[in-house]
Amino acid sequence: TQLLEQSPQFLSIQEGENLTVYCNSSSVFSSLQWYRQEPGEGPVLLVTVVTGGEVKKLKRLTFQFGDARKDSSLHITAAQPGDTGLYLCAGPKGKLIFGQGTTLQVKP
Amino acid sequence: SQTIHQWPATLVQPVGSPLSLECTVEGTSNPNLYWYRQAAGRGLQLLFYSVGIGQISSEVPQNLSASRPQDRQFILSSKKLLLSDSGFYLCAWNPGRGGTEAFFGQGTRLTVV
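Chains as they are written, first to last, in my numbering: chain A, 28 to 135; chain B, 5 to 117.
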């Protein structure tokens with residue numbers, strides 16, 4: 028059983044479209060993180076959300092932590108081909124665990 | 005600043021051969037260290053993590069093992085590789101002591117033939 032469930036698993040959109048990726052759990056997390064990974068490389072941290080209801084913005088990316096700290100979302104506005112990659116959410120449960128990832132493909 | 009080194013970047017090994025992947029961290033002390041394996045386009049499966057020298061927690065029963073002979077060195081090993089050991093292996097560290105963000109090496113693409 029996956030402690031962190033991400034949806035959708037795969038997303039293919041046209042440049043300029045908006046999208047939202049979800050990360051859900053039945054457990055409460057003290058924080059959740061989002062990473063982006065390109066093929067053949069290690070994941071790179073995008074953001075950490077800590078407070079329930081928190082919203083963080085990183086240029087065209089908006090991250091939200093659920094009020095109950097069991098879920099998070101990543102919203103991308105006006106997606107660009109450079110946003111293509113694997114997006115992973117992660118959270119600490121003694122050790123750091125990851126969701127199964129969302130593969131995003133943005134077509135020019 | 006902290007850096008993490010993982011090598012080799014790619015490796016092709018025959019079935020039944022041994023394996024040793026090495027990871028070192030610079031610029032920090034007493035980090036938590038992790039080995040993950042990743043199937044193509046999928047999430048990270050935690051294999052081992054360590055909170056200190058000689059302290060290894062195994063998450064998934066398999067023919068792999070890990071060791072931490074020094075504070076900033078983490079080694080993934082196998083005595084006899086299986087075809088199913090093929091994958092992308094990632095080493096990561098985080099500061100521990102409440103710090104949860106992980107910083108990853110570049111990964112090792114292992115192909116067992």
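Honestly, I wouldn't trust all of these hints.
Below, computed lysine to aspartate or glutamate pairings styled on DMTMM-like, alpha-carbon distance capped at 25 angstroms [as the list claims (entries may be wrong)]: (1) Lys97/A / Glu63/B; (2) Lys122/A / Glu81/A; (3) Lys122/A / Glu105/B; (4) Lys84/A / Glu105/B; (5) Lys97/A / Glu68/A; (6) Lys86/A / Glu42/A; (7) Lys134/A / Glu68/A; (8) Lys86/A / Glu68/A; (9) Lys97/A / Glu30/B; (10) Lys83/A / Asp75/B; (11) Lys83/B / Glu105/B; (12) Lys97/A / Asp75/B; (13) Lys84/B / Glu26/B; (14) Lys122/A / Glu63/B; (15) Lys120/A / Glu81/A; (16) Lys122/A / Glu30/B; (17) Lys120/A / Glu32/A; (18) Lys120/A / Glu105/B; (19) Lys83/A / Asp110/A; (20) Lys97/A / Glu26/B; (21) Lys122/A / Asp75/B; (22) Lys134/A / Glu65/A; (23) Lys97/A / Asp89/B; (24) Lys120/A / Asp110/A; (25) Lys84/A / Glu42/A; (26) Lys83/A / Asp94/A; (27) Lys122/A / Glu26/B; (28) Lys134/A / Asp98/A; (29) Lys84/A / Asp94/A; (30) Lys86/A / Asp75/B.
If you're looking for bench data, these hints aren't it; they were derived computationally from the structure.
Hints versus structure:
Distance check on the hinted pair: Lys97/A and Glu63/B sit about 23 angstroms apart at the alpha-carbon level, within 25 angstroms; holds. Distance check on the hinted pair: Lys122/A and Glu81/A sit about 23 angstroms apart at the alpha-carbon level, within 25 angstroms; holds. A C-alpha spacing of about 11 angstroms is found between Lys122/A and Glu105/B, which places the hinted pair at or below 25 angstroms, so the restraint holds. For a cut-off of 25 angstroms, the pair hint linking Lys84/A to Glu105/B stands: about 18 angstroms separates their Cα positions.
Restraint check: the Cα-Cα separation between Lys97/A and Glu68/A comes to about 28 angstroms, which exceeds 25 angstroms; the hinted pair is violated. Of the pairs offered as hints, the one joining Lys86/A and Glu42/A holds, with about 16 angstroms between alpha carbons and a cut-off of 25 angstroms not exceeded. In summary, the hint linking Lys134/A to Glu68/A is supported, as the alpha carbons are separated by about 21 angstroms, within the 25 angstroms threshold. With a C-alpha separation of about 23 angstroms, the suggested pairing of Lys86/A with Glu68/A holds against the 25 angstroms cut-off.
Under the criterion of a C-alpha separation no larger than 25 angstroms, the hint pairing Lys97/A with Glu30/B is inconsistent with the structure, at around 34 angstroms. For the hint pairing Lys83/A with Asp75/B, the CA-to-CA distance comes to about 34 angstroms; that exceeds 25 angstroms, so the pair is violated. With a CA separation close to 32 angstroms, the supplied pair Lys83/B and Glu105/B exceeds the 25 angstroms bound. Restraint check: the Cα-Cα separation between Lys97/A and Asp75/B comes to about 34 angstroms, which exceeds 25 angstroms; the hinted pair is violated.
For the proposed pair Lys84/B and Glu26/B, the alpha carbon gap of about 17 angstroms is at most 25 angstroms, so the pair holds. Only pairs whose Cα atoms come within 25 angstroms are accepted, and Lys122/A paired with Glu63/B is accepted, the gap being roughly 10 angstroms. Between Lys120/A and Glu81/A the alpha-carbon distance is near 20 angstroms, which keeps this suggested pair within the 25 angstroms criterion. About 21 angstroms separates the Cα atoms of Lys122/A and Glu30/B, which keeps this hinted pair within 25 angstroms; it holds.
With a C-alpha separation of about 15 angstroms, the suggested pairing of Lys120/A with Glu32/A holds against the 25 angstroms cut-off. Between Lys120/A and Glu105/B the CA atoms are separated by roughly 13 angstroms; this keeps the pair inside 25 angstroms, and the hint holds. About 18 angstroms separates the Cα atoms of Lys83/A and Asp110/A, which keeps this hinted pair within 25 angstroms; it holds. Restraint check for Lys97/A and Glu26/B: not satisfied, since their Cα atoms lie roughly 35 angstroms apart, outside the 25 angstroms limit.
For the proposed pair Lys122/A and Asp75/B, the alpha carbon gap of about 18 angstroms is at most 25 angstroms, so the pair holds. At roughly 16 angstroms between alpha-carbon atoms, Lys134/A and Glu65/A fall within 25 angstroms of each other, so this suggested pair holds. Annotation: proposed proximity of Lys97/A to Asp89/B is violated, straight-line Cα distance about 33 angstroms (limit 25 angstroms). At most 25 angstroms may separate the alpha-carbon atoms for a hinted pair to count; Lys120/A and Asp110/A exceed this at roughly 29 angstroms.
Restraint check for Lys84/A and Glu42/A: the C-alpha separation of about 20 angstroms stays at or below 25 angstroms, so the hint holds. As the CA atoms of Lys83/A and Asp94/A are separated by approximately 14 angstroms, the hinted pair is consistent with the 25 angstroms bound. At roughly 20 angstroms between alpha-carbon atoms, Lys122/A and Glu26/B fall within 25 angstroms of each other, so this suggested pair holds. For a cut-off of 25 angstroms, the pair hint linking Lys134/A to Asp98/A is broken: about 28 angstroms separates their Cα positions.
Under the criterion of a C-alpha separation no larger than 25 angstroms, the hint pairing Lys84/A with Asp94/A is consistent with the structure, at around 17 angstroms. Note on Lys86/A and Asp75/B: the hinted pairing is violated, with a Cα-Cα distance of about 37 angstroms set against a maximum of 25 angstroms.
Figure legend: structure checked against the earlier numbered hints; hints not met, in rising order: 5, 9, 10, 11, 12, 20, 23, 24, 28 and 30.
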